[in-house]
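Asks: Sequence:
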Amino acid sequence: MPKKNLVIVESPAKAKTIEKYLGRNYKVIASLGHIRDLPKSQMGIDVDNNYEPKYISIRGKGDTIKKLKQAASKATNIYLAADPDREGEAIAFHLAHILKLDPTEKNRVVFNEITKDAVKNAFKEPRAINMDLVNSQQARRILDRLVGYSISPILWRKVKKGLSAGRVQSIALKLVIDREKQIQEFNPEEYWKIEATFTKGKSNFDASFQALDSKKKELSNEQSVQEILKKVNKEQLFDIQEVVKKERKRNPQAPFTTSALQQEANKRLNFKTRKTMMIAQQLYEGIHLGKKEGTVGLITYMRTDSTRISALAKQEAGTFIHDEFGEEYASHNPKKAKQQENSQDAHEAIRPTSVMRTPESLKEILSRDQFRLYQLIWSRFLASQMTPAVFDTVRADLTQNGVTFRANGSQMKFEGFTKVYKTDTDKKNTKLPVLKEGQQVELSAINPSQHFTQPPARYSEATLVKVLEENGVGRPSTYAPTIDTIQKRYYVKLNGRAFEPTELGEIVDDLIETFFPDIVNIDFTAQLESDLDEIAEQKEQWTGVIDRYYRPFEKELINADEKIEKIQIKDEPAGFNCEICGAPMVIKMGRYGKFYACLRFPDCRNTQAIVKEIGVPCPTCGKGQVIERKSKRNRIFYGCSRYPECEFVSWDKPLTRLCPVDQHFLVEKKIKGGTQVVCPNGDYEEEAQK
Numbered sequence: 001m002p003k004k005n006l007v008i009v010e011s012p013a014k015a016k017t018i019e020k021y022l023g024r025n026y027k028v029i030a031s032l033g034h035i036r037d038l039p040k041s042q043m044g045i046d047v048d049n050n051y052e053p054k055y056i057s058i059r060g061k062g063d064t065i066k067k068l069k070q071a072a073s074k075a076t077n078i079y080l081a082a083d084p085d086r087e088g089e090a091i092a093f094h095l096a097h098i099l100k101l102d103p104t105e106k107n108r109v110v111f112n113e114i115t116k117d118a119v120k121n122a123f124k125e126p127r128a129i130n131m132d133l134v135n136s137q138q139a140r141r142i143l144d145r146l147v148g149y150s151i152s153p154i155l156w157r158k159v160k161k162g163l164s165a166g167r168v169q170s171i172a173l174k175l176v177i178d179r180e181k182q183i184q185e186f187n188p189e190e191y192w193k194i195e196a197t198f199t200k201g202k203s204n205f206d207a208s209f210q211a212l213d214s215k216k217k218e219l220s221n222e223q224s225v226q227e228i229l230k231k232v233n234k235e236q237l238f239d240i241q242e243v244v245k246k247e248r249k250r251n252p253q254a255p256f257t258t259s260a261l262q263q264e265a266n267k268r269l270n271f272k273t274r275k276t277m278m279i280a281q282q283l284y285e286g287i288h289l290g291k292k293e294g295t296v297g298l299i300t301y302m303r304t305d306s307t308r309i310s311a312l313a314k315q316e317a318g319t320f321i322h323d324e325f326g327e328e329y330a331s332h333n334p335k336k337a338k339q340q341e342n343s344q345d346a347h348e349a350i351r352p353t354s355v356m357r358t359p360e361s362l363k364e365i366l367s368r369d370q371f372r373l374y375q376l377i378w379s380r381f382l383a384s385q386m387t388p389a390v391f392d393t394v395r396a397d398l399t400q401n402g403v404t405f406r407a408n409g410s411q412m413k414f415e416g417f418t419k420v421y422k423t424d425t426d427k428k429n430t431k432l433p434v435l436k437e438g439q440q441v442e443l444s445a446i447n448p449s450q451h452f453t454q455p456p457a458r459y460s461e462a463t464l465v466k467v468l469e470e471n472g473v474g475r476p477s478t479y480a481p482t483i484d485t486i487q488k489r490y491y492v493k494l495n496g497r498a499f500e501p502t503e504l505g506e507i508v509d510d511l512i513e514t515f516f517p518d519i520v521n522i523d524f525t526a527q528l529e530s531d532l533d534e535i536a537e538q539k540e541q542w543t544g545v546i547d548r549y550y551r552p553f554e555k556e557l558i559n560a561d562e563k564i565e566k567i568q569i570k571d572e573p574a575g576f577n578c579e580i581c582g583a584p585m586v587i588k589m590g591r592y593g594k595f596y597a598c599l600r601f602p603d604c605r606n607t608q609a610i611v612k613e614i615g616v617p618c619p620t621c622g623k624g625q626v627i628e629r630k631s632k633r634n635r636i637f638y639g640c641s642r643y644p645e646c647e648f649v650s651w652d653k654p655l656t657r658l659c660p661v662d663q664h665f666l667v668e669k670k671i672k673g674g675t676q677v678v679c680p681n682g683d684y685e686e687e688a689q690k
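Mapping of the sequence shown onto the numbering used here: residues 1 to 690, in sequence order.
Keep in mind that the hints were calculated from the coordinates and are not lab data.
Please note that a few of the clues may not be correct.
Pairs of lysine-lysine, DSSO-like flavour, derived with a Cα cap of 30 Å [stated by the list, open to error]: (1) Lys100 with Lys120; (2) Lys100 with Lys4; (3) Lys40 with Lys66.
The structure displayed is predicted, hence computed values, not measured ones.
Work the whole structure out from these sequences, hints included.
Replies: Given below as structure tokens:
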């Protein structure tokens, strides 16, 4: 049997796709990610010997390594085709070590998309392993290990077992806690608005108070409002003093970077960052499209901070737009997005490998979530190559007795890119009647309203990713695991779609901020990211960067271990006794939040979940109470307190009121922007409440 060329990739899905493109002379197998790493049971870094890492084969990878060695011994040539980023470069380096390959030989193959042309072209130009990229990844891994494995044991000894600390996760936690402090310290300020409805002919339109005697006036209390209202004569017409008409253009956004995709998928599709990356990985590695096309990678590499796209992709998009929508929609010179200062620009933006594969053409092939994410990526990329949307705007100032109201109108004149990628603002048109200077209009109604300034909103996954990226903390590949970690450690919890810090998170943050201030210093961490980039660009030695950051940190560790006193997280009395032994029950803090436990633990191991009654008897059995529960994915649902005897469950909050149509219990359903009372049978619904 003739020898074949061996290609090693990370995943079986990717292996299957690539083997189809390369043909019978190639055998493609998967390493299933990293095969070597630092040991879990010890630090694994010789601090006194130039930070020499002690890599070992990952437990459970023995059979994979054996298969890789067997396949390598029979191969003519060996190619390492791990992902085209620093992590992939490190995987290739460790594979070369295991298989005793020379890293200076040209055995490394990289491609930004898994398509036939991209893969075949990549194999025409293999290169040596880029040790600068490897060292950059290695420096990050070692620094994270030094920080995590040094601080975590202190937290175990001083607070409780199972806690952890890390560079990026500590900053993410601090951001959530700082935002909570801002909310708690926020003092609302009173302000008023005066809205009015005017009539011209048969048309009504709205306007807002703008100025008094041609000067802008703040309405900070009711007295200032009454001053305006006294000047307005409801029987007198308002003069149209000024009408300003303009044409406004809105340019499309750039195609997705990793963080932009995570943010938009969270906002539009309600995907968690981990889910977004998992589905994007599937689309990148390949989906089977039937016998004719086989398995094809549908999007380019999904870990990127670049908005650059290839000339070929631009040309294909231009042709598609021209043919599908018309010449006026195809941008001849798409606006180039400004790259972020710390962007590596190693890959293209995330885009479809072929814009000709429309979402609709794949709808029957992709799963629902794959389709939704692909549609988002496809639409955003196509829109980025289209002409701006054009709006006609009108501003009219209406005056009477020195009081000025302003009416604003906006009407879409040309759809442009919004034909394929709309936002909520694109759906709103405010049309004014034809207004001319010197004309008069009638005041139909005037409505003053009191308001109070609102505190800043808590972070959602989307806004937390955004602020991490804006501050240069972490990299595209780190956001999903970082957000996952602070939730798994129960440092934060999701309330709806917003993060709230827990008591445990506040304790850990306070200790780290007090004893390791650099760890939670955003500027310090962003500078480290910049230094890691400089290792990749041959401007810094990796050992020098680590030493510069570790030596001051080492002194902080000694100080922290000496000065941090043991923190007792006191158990709160639960207010009732154990049903097994009669001892008092207490509220304990666990890994996943608070729970009831017997005071005699571990002699008595009785525990109970803390449930929240909503004051509604169970509509099924009538004996139990409806309680708030949480699913495995942390989603709130409602069930009977007598479960499993009674199996009543509802995603929507049941009410005590009955439906006037069929006497079924009503529920409060969450809708966009508020709630609505409805009958689950669909026979009755009330007006939505904001």
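Asks: Run every hint past the structure and note whether it holds.
Replies: Against the structure, the hints:
At most 30 Å may separate the alpha-carbon atoms for a hinted pair to count; Lys100 and Lys120 meet this at roughly 26 Å. Between the alpha carbons of Lys100 and Lys4 the distance comes to roughly 18 Å, so the proposed pair stays at or under 30 Å and holds. For the hint linking Lys40 to Lys66, the alpha-carbon distance of about 22 Å falls within 30 Å, and the restraint holds.
Checked against the numbered hints above, the structure violates none of them.
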